[in-house]
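Chemist: In case you want the letters, here they are:
2 protein chains.
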Amino acid sequence: MSQSFHPPQRTLMGPGPSDVSPRVLGALGRPTIGHLDPLFITLMDDIKRLLQYAFKTDNELTIPLSAPGSAGMEAAFVNLVSPGDTVIVCQNGVFGGRMKENVERCGAIPVMVHDRWGDPVDPGKVESAFKAHPEATLLAFVHSETSTGVRSDAATLCGIAKNNGALVVVDTVTTLGGIDLQVDNWGADAVYSGTQKCLSCVPGLSPMTFSPSAVERIQNRTSRVQSWFLDMQLVMGYWGGNSKRAYHHTAPVNALYALHESLLILEEEGLEASFCRHRENHLQLVTGLEALGLEMAVDPTWRLPQLNAVCIPAGVDDAEVRRRLLQEFNLEIGAGLGELAGKQWRIGLMGHASNPVNVQRCLTALRCVLGR
Amino acid sequence: MSQSFHPPQRTLMGPGPSDVSPRVLGALGRPTIGHLDPLFITLMDDIKRLLQYAFKTDNELTIPLSAPGSAGMEAAFVNLVSPGDTVIVCQNGVFGGRMKENVERCGAIPVMVHDRWGDPVDPGKVESAFKAHPEATLLAFVHSETSTGVRSDAATLCGIAKNNGALVVVDTVTTLGGIDLQVDNWGADAVYSGTQKCLSCVPGLSPMTFSPSAVERIQNRTSRVQSWFLDMQLVMGYWGGNSKRAYHHTAPVNALYALHESLLILEEEGLEASFCRHRENHLQLVTGLEALGLEMAVDPTWRLPQLNAVCIPAGVDDAEVRRRLLQEFNLEIGAGLGELAGKQWRIGLMGHASNPVNVQRCLTALRCVLGR
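Just so you know, the protein sequences line up as chains A and B, in that order.
The first sequence begins at 698 in the working numbering and counts up one residue at a time.
The second sequence begins at 698 in the working numbering and counts up one residue at a time.
Check the hints yourself; a few may be wrong.
One copy or two, either will do: identical chains are not told apart, so a pair holds if it fits within one copy or between any two.
Simulated crosslink set (SDA-like; lysine to any residue; CA at most 25 Å straight-line) [claimed, not checked]: (1) LYS1040 / ARG1064; (2) LYS797 / ASN917; (3) LYS822 / MET741; (4) LYS1040 / THR708; (5) LYS822 / VAL912; (6) LYS797 / GLN916; (7) LYS797 / TYR944.
I should point out that these hints are in silico values taken from the structure, not numbers from a laboratory.
Since this is a predicted model, take the numbers as computed values, not measurements.
Use the sequences and the hints to build the structure in full.
Modeler: This is the structure in structure tokens:
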């Protein structure tokens, strides 16, 4: 290649990244300033406030981690888990499995609660797991399973953990900005997300929030956090409330300009209005897909409006359809992940990309490529 | 705040981030495409090739890590170190201390080789450390100490490690693109850098390269890498040579556009020409600083041309000078770090920012603010 890269203008309707708003791309390209510049500190403060709004939390420790959502997941575990701890991990898709990996790498013992990929986490099974393992100090589950398009009942699951004296880690990578997320009301203790889903920001950062109980556990650890980069006691020194910021690492300045702009757009629209819009466009898409004879993979009660799992009809060549959508229509939809590869498509309507134009574009392209 | 953030146009002459070229900012703001898009895969391949050029290496595992340089440091250690290993760590500034932290958090035993902050690493002491600890499996040192402005003799240090059968981790965060770096000729095994120094790209990524010996050690590990996000066996699945890329995490798409453009600029100029330019502007700056009666902190043999440590004259108010440079001249220079806080300034001439205009601007501003 060895020449400047000029990407085409795709329409991103996969599981993320989603289409980034021109306002956000504009912010991204503004002049870089120093990560300890007084003006940058004011930006950091405003990002914290906007993240608190988006997460519906008053948590002081609410920050964007300088790495993608999978690092956010790891940050939640390495800070809250100590070697030998028992952690109840719910798995109903790919990302619950990744949680298990993280727990094991912390030297802790995962107790798995399995549900079928495509179903929500079963609260009854979580109750049983706590009965069988009263020593468990943490519950972890995925609110919006990006691999299956399924929402789980976060309020109920958090309540079970509280009743059993455990803290809760909640994966909200695909949730934030798309469907309701009530960190404080639910009593979630460590919550991480991504920027490239319903915030419609560029990928690379992980918004996170830790409850006062989580901070207390971190401060009372007897073993050091195994990761230096993800150690919240160190990260707090830079993002913390006091005016003197301690250098920890060089913040990704321009990515934070973009995150700030995307959060501002969310605040301008309003959270509830954004949720309504996601729901409305989802319903239009489902109507259109069913009119094409396609079948949704998830029960309506648990469907994510921002990520639509669709069964691939028998006899249809999965890869060829996605290749034609991309090449002929500049339209990206998602393949199935893990055990759902080849069986489902994942059609995202996330953030800026959740709009009637995209719904129509996707339906038209699918009709054409499927010959229906 | 709650309105779009419009940063001023600073001149960044601190320890990084350095001024980002308009070409790089332009690339950064281009439309986001999917991280598994076939066009993105061609970009990844070109980034790998350009990084091999910049690192002077044929290493197959040469990638940009999706997180800042401090995560690059951690990736080097968590992949190459197993619990109980002995690691010889050289410290002649802040970042050697951070290496020690990383080694300890891997459950390994650091053997420290200390040199005065402001001096290079003493190869004789490293020889002695290997004699005293023949069981050491790894040597780690910082090539360009960002906290002191000092270069160490990387070729000699790598040679000592080889002679003792150990692998070598080299921190080249401030080196890459600014002064000579010969990964293959030196025999360095795990080398990490940052994007926000002499590449003049935005902060947030860590270019890395691993030698075949390093890859072999990673593949022969008996204990799992403690970090999921930084586990090179998993990262290789996405960045690896085979055509089928496995999803690991969502790559920071736009940041990689920017990195590609910055590497392209480096290739267009040519490595040796870039080194000459850094040296030339450094000499001009030193001449000017000495004409102002200021004293350089580092012996000429070991001075980094890209990061100039200057003694703060007696009676001068460090913070007030830097505040005035920033507010009156939009010029950022660096404070002293760690034990050098209040004693030295660090004036960067990195990448795009290493040019005669900046040399002049800095000298003029300092003359004015210092009243000389």
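Chemist: With reference to the structure, classify each hint as holding or not holding.
Modeler: Hint by hint, here is what the structure shows:
Taking identical chains as interchangeable, the C-alpha atoms of LYS1040 and ARG1064 lie at most 25 Å apart only when both belong to the same chain, with a minimum of 19 Å there against 69 Å between chains. Taking the shortest alpha-carbon separations for LYS797 and ASN917, both the intra-copy value of 24 Å and the inter-copy value of 23 Å come in at or below 25 Å. Taking the closest pair of Cα atoms, LYS822 and MET741 never come within 25 Å of each other, the shortest separation being 41 Å inside a single copy and 43 Å across copies. For a Cα distance limit of 25 Å, the shortest separation of LYS1040 from THR708 inside one copy, 23 Å, qualifies, whereas the shortest one across copies, 53 Å, does not.
In this assembly of identical chains, LYS822 and VAL912 lie within 25 Å of each other by CA distance neither inside one copy nor across copies; the values are 28 Å within and 42 Å between. In this homomeric assembly, LYS797 and GLN916 come within 25 Å of each other (Cα to Cα) both inside a single copy, at 24 Å, and across copies, at 22 Å. Proximity of LYS797 and TYR944 under a CA criterion of 25 Å is satisfied inter-copy only: 17 Å between copies versus 32 Å inside one chain copy.
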